[in-house]
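Protein chains: 2
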Amino acid sequence: MTELRQDPIVGRWVIVQTESPWDVDDFHQHYVPVEKRHPEKCFFCPGHEQDTPPEVYSVPAVGEDFPWSLRVVPNKFPALVIEQELDSWPVGLYDASTGVGAHEVVIETPDHFKTLADLSFEEIREVIKAYKARIEDLKKDDRFSYIMVFKNFGASAGASIEHDHSQLIALPMIPKNVKDELEGAKAYFDYRERCIFCDMWKQERAEGERIIYENEFFITFSPFSARFPFEMWIVPKYHCCEFSSIDDERTYELAKALKDALIRLKLLLHNPPYNFVVHISPLRGNYEYYHWHIEIMPRISKVAGFEWGSGFYIVPSTPELCAKRLRDVIW
Amino acid sequence: MTELRQDPIVGRWVIVQTESPWDVDDFHQHYVPVEKRHPEKCFFCPGHEQDTPPEVYSVPAVGEDFPWSLRVVPNKFPALVIEQELDSWPVGLYDASTGVGAHEVVIETPDHFKTLADLSFEEIREVIKAYKARIEDLKKDDRFSYIMVFKNFGASAGASIEHDHSQLIALPMIPKNVKDELEGAKAYFDYRERCIFCDMWKQERAEGERIIYENEFFITFSPFSARFPFEMWIVPKYHCCEFSSIDDERTYELAKALKDALIRLKLLLHNPPYNFVVHISPLRGNYEYYHWHIEIMPRISKVAGFEWGSGFYIVPSTPELCAKRLRDVIW
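Which chain is which? The protein sequence lines are S and Z, in order.
Just so we're aligned, residue 1 is where the first sequence starts under our numbering, counting upward by one.
Just so we're aligned, residue 1 is where the second sequence starts under our numbering, counting upward by one.
Because the hints were derived from the structure by calculation, they are not lab data.
You may find that some hints are simply not true.
Any copy will do: because identical chains look the same in the list, a pair fits if it lies in one copy or spans two.
What the hints assert, rightly or not - List time: in silico BS3-like cross-link candidates among lysine-lysine, alpha-carbon distance up to 27 Å:
#1 Lys-237 / Lys-266
#2 Lys-324 / Lys-186
#3 Lys-41 / Lys-302
#4 Lys-139 / Lys-324
#5 Lys-114 / Lys-202
#6 Lys-176 / Lys-302
#7 Lys-324 / Lys-140
#8 Lys-114 / Lys-140
#9 Lys-256 / Lys-266
#10 Lys-324 / Lys-41
#11 Lys-41 / Lys-132
#12 Lys-302 / Lys-186
#13 Lys-179 / Lys-302
#14 Lys-41 / Lys-139
#15 Lys-76 / Lys-302
#16 Lys-186 / Lys-176
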């Protein structure tokens, strides 16, 4: 038996298997584990700094084991490049534009054998500070409308380089999914005069069964209409649309929440592939009805023709069961 | 160097690698080939009819090799089931509904070793007639708003059973992606008083470089803003929103177009995984501004965090090059 659930923000439906939902062990066979590692040939390891474009941001080493502790470099094979004019033109009824943008890689650690989940709170705080610093810098370029911050971990989540890293892509237009989310949040705000994300985390906390973690400023839950098994959202408990205004105290609490989510996922599902996306407001304009947050999407279930065609997701487990399993992890 | 291109219907952007786009051979390593086959243990093979729920539609055998030539059966592990009341309720700010629907499997051939691309025009015509007959039958159930017809081919496209089949899912609500497409088509129609799909195929034919195939009633092209390398759209050259009104002559021409597309894909890329989705109008209401069509999406490139978060696709090749390669296939 299944149940249909609707995401209140973008209107997407999911089909949730509420009767005999898949449990942890049912998922293991469905994903490719992270591949073997070869630090000697790795572009992102210390000693290979000349193999990447020059860094745009870095954090000095703390101890003596490594020459640095974090680097941000332009992507060597960028999807978009910064050094060209922004121009757009019609092609009959189609629209096209030059591929202006920025595509950067955040090398989160010098240690080839560590994943983001293994880093300390302090080290993860530096990763978040790097996102913030790069957003603030790229924002000065008025050709950019949006910056997407995301991470692909594991081969089946799209990571092509095994050394842990996340990415930033600055875009000259607001992506469709972001627009949908903004529109959904605005419609709710216009109707209720409240933020839908604020209402959502408060409802999740009141119900409790999908909550995974909470600290002073952040709460982690698997949303009622999760698209993926073990999906987690990390939502600030204070209303704010703009990620890059985060202060030091909140940055540290976010590092704690992010580490908590990733280590639970790692321990429970044996280092599964995942993507996360930092959902932030566009760079220019008034988006006070919006609420920035992070969505973590484990890539352990298949997305096939039905999902592509419909935007309707079939989920073989429930977020209630997944949240319980994640909550029960002891670390 | 890349170029940004926008889909004029739903507003989705793609990043197209226009400078040194990937060519055919660059894709081979990126997908899991179809797995080994075991006809003796296959639920969908003749002799195992009792392993599926009773058939709801079938086509008798033509020769003496097989007992039947096509069967449609309810999915043994359905995402949605027909035997329950349609009911919906609020969960705080969320919406939920019973999982009412129908989930059927079209076993396209009794031959375990054939794929849809290998079937004759006459056999593929029967597959299309089966889609049509099942839509017409399911439409009588007024709990259903939409029927999604789709195919997953190959493990990495989400096929869990190797014997070739396609699927129908009848849903009690219109999926988000369908709504987006309808809204995009309507906005264009309201502005231009013309159908965007009609304008699109005419423009594609006038430009020519993305055209792959054409017959009296159908045209196949890789759209200007294709999300996937070697993506193909089969579009009727006559304006019509409702797929199930297709007559016999057009059904046969569609079979020719579909076989042509699939055999080109098979020969060019060595039987790659793919999904196709039949984009049709909802079951009830006036959608005269819409235009049904089929979208074929080869699953040979990775979809990662950026695409999930943004709905922005990074495409390592151009539809112009992909269309040329597909057009040049001789079969």
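These are the hints, each one checked on the structure:
Within a single copy, Lys-237 and Lys-266 get their C-alpha atoms as close as 25 Å, which meets the 27 Å cut-off; across copies the closest is 52 Å, which misses it. Taking identical chains as interchangeable, the C-alpha atoms of Lys-324 and Lys-186 are never at most 27 Å apart, the minima being 32 Å within one chain and 44 Å between chains. Taking CA atoms no more than 27 Å apart as the test, Lys-41 paired with Lys-302 passes between copies only; the shortest distance there is 23 Å, against 32 Å inside one copy. Taking the shortest alpha-carbon separations for Lys-139 and Lys-324, neither the intra-copy value of 39 Å nor the inter-copy value of 40 Å comes in at or below 27 Å.
Proximity of Lys-114 and Lys-202 under a CA criterion of 27 Å is satisfied in neither setting, with 35 Å inside one chain copy and 54 Å between copies. For a Cα distance limit of 27 Å, the shortest separation of Lys-176 from Lys-302 qualifies both inside one copy, at 23 Å, and across copies, at 19 Å. Taking the shortest Cα distances, Lys-324 and Lys-140 never come within 27 Å of each other, neither inside one copy (43 Å) nor across copies (41 Å). With identical chains, the CA atoms of Lys-114 and Lys-140 are never at most 27 Å apart, being 33 Å at best within one copy and 57 Å at best between copies.
Taking identical chains as interchangeable, the C-alpha atoms of Lys-256 and Lys-266 lie at most 27 Å apart only when both belong to the same chain, with a minimum of 15 Å there against 49 Å between chains. In this assembly of identical chains, Lys-324 and Lys-41 lie within 27 Å of each other by CA distance neither inside one copy nor across copies; the values are 40 Å within and 37 Å between. For the homomeric pair Lys-41 and Lys-132, neither the shortest alpha-carbon distance inside one copy (30 Å) nor that between copies (55 Å) is at most 27 Å. Proximity of Lys-302 and Lys-186 under a CA criterion of 27 Å is satisfied in neither setting, with 32 Å inside one chain copy and 32 Å between copies.
Proximity of Lys-179 to Lys-302 under the C-alpha cut-off of 27 Å is found in both arrangements, the shortest distances being 26 Å within a copy and 23 Å between copies. Within a single copy, Lys-41 and Lys-139 get their C-alpha atoms no closer than 34 Å, and across copies no closer than 59 Å, so neither meets the 27 Å cut-off. Proximity of Lys-76 and Lys-302 under a CA criterion of 27 Å is satisfied inter-copy only: 18 Å between copies versus 30 Å inside one chain copy. In the homo-oligomer, the alpha carbons of Lys-186 and Lys-176 lie at most 27 Å apart both inside one protomer (15 Å) and across protomers (18 Å), since each shortest distance falls under that limit.
Against the hints set out earlier in the document, violations occur for numbers 2, 4, 5, 7, 8, 10, 11, 12 and 14.
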